[in-house]
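Let the sequences and hints guide you as you build the complete structure.
Protein chains: 2
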Amino acid sequence: MSFAESQSPSSGAVPEQPPPPHNQQEEEDESSKSQSKKAAKKEAAKQEKLRRRQEASLASAAQSLSVEEDDPLSSNYGDVPLSELQSKVAADVREWTEVGALTEGLSERYVLVRGRAQAIRAVGKNMAFLVVREKGFTVQCVVTAQPDTVSRQMVKYAAGLSRESIVDIEGVVSVPTVPIKGATQQVEVQVRKILCVNKAMPTLPINIEDAARSETEIEKALQAGEQLVRVNQDTRLNYRVLDMRTPANQGIFRIQCQVGNVFRQFLLSKDFVEIHTPKLIAGSSEGGAAVFKLDYKGQAACLAQSPQLHKQMAICGDFGRVFEIGPVFRAEDSYTHRHLCEFTGLDIEMEIKKHYFEVMDVVDRLFVTMFDTLNKNCAKELEAVGRQYPFEPLKYLRSTLRLTFEEGIQMLKEAGVEVDPLGDLNTETERKLGQLVLEKYGTEFYILHRYPLAIRPFYTMPCYDNPAYSNSFDVFIRGEEIISGAQRVHVPEFLVERAQACGIDVKTISTYIDSFRYGAPPHGGFGVGLERVVMLFCGLNNIRKTSLFPRDPLRIAP
Amino acid sequence: MSFAESQSPSSGAVPEQPPPPHNQQEEEDESSKSQSKKAAKKEAAKQEKLRRRQEASLASAAQSLSVEEDDPLSSNYGDVPLSELQSKVAADVREWTEVGALTEGLSERYVLVRGRAQAIRAVGKNMAFLVVREKGFTVQCVVTAQPDTVSRQMVKYAAGLSRESIVDIEGVVSVPTVPIKGATQQVEVQVRKILCVNKAMPTLPINIEDAARSETEIEKALQAGEQLVRVNQDTRLNYRVLDMRTPANQGIFRIQCQVGNVFRQFLLSKDFVEIHTPKLIAGSSEGGAAVFKLDYKGQAACLAQSPQLHKQMAICGDFGRVFEIGPVFRAEDSYTHRHLCEFTGLDIEMEIKKHYFEVMDVVDRLFVTMFDTLNKNCAKELEAVGRQYPFEPLKYLRSTLRLTFEEGIQMLKEAGVEVDPLGDLNTETERKLGQLVLEKYGTEFYILHRYPLAIRPFYTMPCYDNPAYSNSFDVFIRGEEIISGAQRVHVPEFLVERAQACGIDVKTISTYIDSFRYGAPPHGGFGVGLERVVMLFCGLNNIRKTSLFPRDPLRIAP
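In the order they appear, the protein sequences are chains U and H.
The first sequence lines up with residues 1 to 558 when you count with full-length UniProt numbering.
The second sequence lines up with residues 1 to 558 when you count with full-length UniProt numbering.
Heads up, some of the hints might be wrong.
A pair holds if it fits inside one copy or across any two, identical chains being indistinguishable in the list.
Keeping only pairs whose Cα atoms sit at most 30 Å apart, straight-line, the calculated DSS-like set for lysine-lysine is [said to hold, decoys possible]:
| no. | residue 1 | residue 2 |
| --- | --- | --- |
| 1 | K193 | K135 |
| 2 | K125 | K376 |
| 3 | K440 | K156 |
| 4 | K507 | K156 |
| 5 | K270 | K125 |
| 6 | K297 | K507 |
| 7 | K297 | K193 |
| 8 | K507 | K380 |
| 9 | K395 | K376 |
| 10 | K376 | K413 |
| 11 | K220 | K88 |
| 12 | K293 | K156 |
| 13 | K380 | K156 |
| 14 | K156 | K220 |
| 15 | K88 | K293 |
| 16 | K270 | K354 |
| 17 | K156 | K353 |
No lab work stands behind these hints, which were simulated from the structure alone.
So, in C-alpha cells, the structure goes:
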C-alpha cells in the first residue's frame, strides 16, 4: 500500500488550510515592559489578522485553479505531489543548473533550475514573467503560451503562484536584446515546464523586497512623494525566516561564518588547540554580572558567563594554547544596541613566556589576517551588506596601534574631555577616543592596554611597576570595544589575596583557585564577541543584525 | 612605589600556605545517589586529608630551604619572584627551545627551556636528575655540583623542587653514551641555571605517572606481586587539571580538535555555512526527552536539546546548507558509558534535490575524509592513546556500506536474534549487528537506513512507498550509534498531521511549523556527538574520557 493511498487527506497536492493563529500572545507578554513596543506589536497583530483573513480567501481562490478544464499539456505544470517529494527518485540523472551559473555561454541550452518565485507578473492571458532566486542570484523566466508546448492554463498557473514558493523550472536559455533590470543574470529562461515543489502562503507577513530596502531608498521615495514600506527590527526578527533571505542578511551571516573560520584557522596554524568547555556550571562563573540560574538534578547551577575558569584549567592541564568558540550567557538587563543575553564567544588562553604583549601580538596578527581575508574573500557579501546599510571599509594599520590607558586619557584630556584617570571609559568617551585615534593615527582598530586594576576582574595580573594598573587590554573597532584580555594571576596565594581584596568569598571559587596549586604556567588570554566583530567590521548599528536569532531581555523567540 | 613593596606579604618568593580544604562536601552530596561511589569518595577524602597534612609539613620544610647559607652562585637558582612574572621584561631577547626540539643536532649548544619538573631524583649531595616535560616531550636534565658554576646548594634546591612545578632551565646539551630510558629526548641538558616559575604543592592529589598507567601494566605488576596505584575515573575527573596532563589525554583532546576541524573544513569546502543558533529557547525544543528548565526574565525557557528547529529555519531562510558545532543539553537520567547531560553536537542541515541519499552521501564523504585525516595527521596522538588504552585501528570501507533497517533485522534473524521488525534496536542488538556487519562486510563503520517511522521524531519524512518506514538513518562505529539523520517533513500541513499523529500539541510548536509556511525547500540533515566520534574512533570505553569536563546526572564539577 503506497503512502499516498493510506493517508488520503494529504495525498497529491497538499490541501491548503488556513494556518493556525500565530502565537501572538506570547510576543505581547514578552514586550509588556515596553509600552511603545507593545503598541507596535498590537498594530502588527491587527495587520496580521487582516492578512490571515485575506490569505484564507486567496487560498480558496487558488484551489479553484486546480479544478481547471482539461489540458493535454497538463503534465508540464502543477504542484508536485507529496509522494514525489518523499525521496521517490533516488538516481536523478538530470543535471541541475544553479541560477548564478546562467550566463550567455548557455544560450539555446535546455536547463533545469530550482529556486524561489521571487516576483510574478502576468501580461495578458498569454504571458507571465517570473523572477526566480537561488542563493542570492536571480533570473527572469518567461512563460509564453504557444501551441504544443505551453498552454494558456500553464500561463495562468504560473501567474497564480505565490511569491517565495519553491519551483522547479525547465526551459531554454535565451539572451535578450535589452539589458534585464530586475534580475542579476543577463539571460532569460523560456519556460517549458514549471512545477511547484512547495507553496508559500499567498500573503507573506513581510515581503523580501521591503525587508531588503535601504533607508536611502525610503527617504528618496518619500521626497518624491511615495511612501515605501519600512520593516522595523522587531518585525524582521519575528519573521526571521523571511528576513534572512535579503541579500544583506545572506551577506552578514556568510561574513560571520568567515570570521569564525579565519579565527579558527589562524589559531590552529599557531599551535592552538580547540576545546569545548561546559556551559552548565555549579555557582557563578565570574561573579558580578547576573547569571541565568537553573536546577541541575537537584543542585543549584548556572549558565557559564564565559569559559574563563575552564580555559585557564586547560592551560594548567598542559594544552599550552587553547581556544573555544561557543555560546556565552549574560542575564544582564542591558537594552543597548550592543548587548545580547546570549552571544557567541571567541575565547583564547595561552601560556606566556614573559609578557602580556605576547597575547596582544596574537590579537594583532589574528585580526589583521581576519580583516585582510574578509576584504579579499567576502567582497560580494560586503557589497550586499553595503547596498542596504552603507558603510566605509574599516581603516586598520598593518601593525596594530597600541596605546596605554594613560595615553588614551591624556588624548581625551587634550581634547577637553575630562575623565577619571583610574575609572572606566563609558560608551561616549570610548567613541570620542576612537575618533581622536582615527584623526591622529589613521586607524579604527587599536589596542588600549594597562587598564586601571580596580576596573578589571580579580584574576587580572597587576602591573609590576604600579599596582594601580594591570597587565590588561581592550581592543576597539570604530570606537567600540570588541575584545577584553589580560595576563592572569597564576599564583594561587596571590589569587586568594586578589579575590579577597575584591570582596569575593574565596570559598565560592575554590575549584578555580585549586587549579593553580598543581603548577601553573604564566598565561593570559582574551575574549571576543563574534556578533560584535561582524557588526563593527560592517559598520552596522545594532547587534541584533548580526545574531541569527538574537536573545535580549525582551526576546527569546523565535 | 613598586608593586612588590606595596604588597609585602606576597613580595619575592610567594610564601607557601596550607591550601584551603577542598570542597569535599559538595562532591559527597553529588554522589549521594550512589552508595559505592560515596564510599569511594569518603576513602578519597580521608587520603586527601592525610595528604594535606603531609604537605603542610613538607611545605614548611621546603621554606627552610630559602634560609640557606650564603652562596656566591645563588643567582643561578631559586624561585622567580612574583614581580618578575608580572610582565616585567617585555623584550625577551633570549631564545627558547622547545623540549621536543632537543636533539643531537643541538649538542654542545646552550639552551633555555621551560617545562614541568616531572620527576626529581637526588644522587648524593652533588648531583640531581630532573625530567622536564613540555607538550608531552621529556628531557633529562642533570645538575652536577662543580666549582664556579653549580653549587651544592643549587643541587639541593633542584632536588627539593616539587613535582609538576614549572621551571626555566638553562644549560648545555650533551649526548650520553647510553640510551635514555626515562625521557622521550635522547639528549641531556647539563644544567647551569634553574629557576622555579611556579611551584606545585608538594604532594599532588594524583600523580601523573599513576594517571598515565595502563590496565595492562597494573595487571602485569600484580602478577609480579607489586600493587601499583590505579586512578579511578571519578578521581581523575575531580582533579582533571592533573589528569589532562597524561599523554593519552593530551592525545584524546588533540584528536577531538582535529575531528572538529575536519568536520568544519570538509563542510566549508562543500558550500556549507557555519551558523550559531540560540541555546536559550522558549518551550521544549523537540519534546520527548527531559530538558533543563530555567527562568528567562520571567518567562519559562529551557536549554536547547538540539539545534533542530533553528537549523531548519536557516534552510528555510535560504542558506542552502548549514552546519553548527555547539553544546547540546539533555536532562536525561542516563547513567551509561555513552550518555552525557551536555555534549558537543555537530549538526548539519541541507537542501536536497530529490532524495535523502544526498544527505547520506555527505555522511559518507565527510567521515571517510575524517578517518583518513585522523590516521594521517594524528598518528602520534593515536599512539599515545593506544599506549594507555590499547585499541585496533577502525576498519572502514572507501565507500561506506549502506544497509536498510529491514536488511539489518534479517541479518540479526539469520544469526538467531529475534527483534521487533518495527521497533528500535537496543544497545545489545546494535552491537550484535555491528559484529555481523564486520564479519560479512569487513567494516566497523556503516549506515543503517529506512528506520521504522514509529521510532523516529514526528518531523521525519515517511517513505513514499511504505508509511511504516521513514527516510531516516543512523550511523554506527564499532557497533554503537554516533549519528542520527533524516529527510524532514517540509510541508507544513503534513507536519501538523504528523505532529498530531505523534500526540504532540501543535500549539506548542507553532513557531516551528510556521517556518515552513513561507516556502520551504525539501531538506534533510543529521546530528553527531563529537565526544562519541572520538570515543569510538579510539575504541575507548567511556564517553567521560572524551569530554574535557563531563556533565552527567551526578557531576557538574569542576
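Status of the hints after comparison with the structure:
1. K193 <-> K135: within (21 Å within a copy, 63 Å between copies)
2. K125 <-> K376: For K125 and K376, the Cα distance exceeds 30 Å both inside one copy (48 Å) and across copies (64 Å).
3. K440 <-> K156: neither (65 Å within a copy, 57 Å between copies)
4. K507 <-> K156: neither (75 Å within a copy, 36 Å between copies)
5. K270 <-> K125: neither (65 Å within a copy, 43 Å between copies)
6. K297 <-> K507: both (22 Å within a copy, 28 Å between copies)
7. K297 <-> K193: neither (58 Å within a copy, 53 Å between copies)
8. K507 <-> K380: neither (53 Å within a copy, 41 Å between copies)
9. K395 <-> K376: Intra 15 Å, inter 42 Å, cutoff 30 Å: intra-copy only.
10. K376 <-> K413: Neither: 38 Å inside a copy, 58 Å across copies.
11. K220 <-> K88: Classified as neither; 51 Å inside a copy, 59 Å across copies.
12. K293 <-> K156: The answer is neither: 58 Å in one copy and 51 Å across copies each exceed 30 Å.
13. K380 <-> K156: neither (36 Å within a copy, 66 Å between copies)
14. K156 <-> K220: Classified as neither: same-chain Cα gap 36 Å, cross-chain 83 Å, threshold 30 Å.
15. K88 <-> K293: neither (48 Å within a copy, 40 Å between copies)
16. K270 <-> K354: within (18 Å within a copy, 42 Å between copies)
17. K156 <-> K353: between (74 Å within a copy, 26 Å between copies)
Consistency note: the structure conflicts with the earlier hints numbered 2, 3, 4, 5, 7, 8, 10, 11, 12, 13, 14 and 15.
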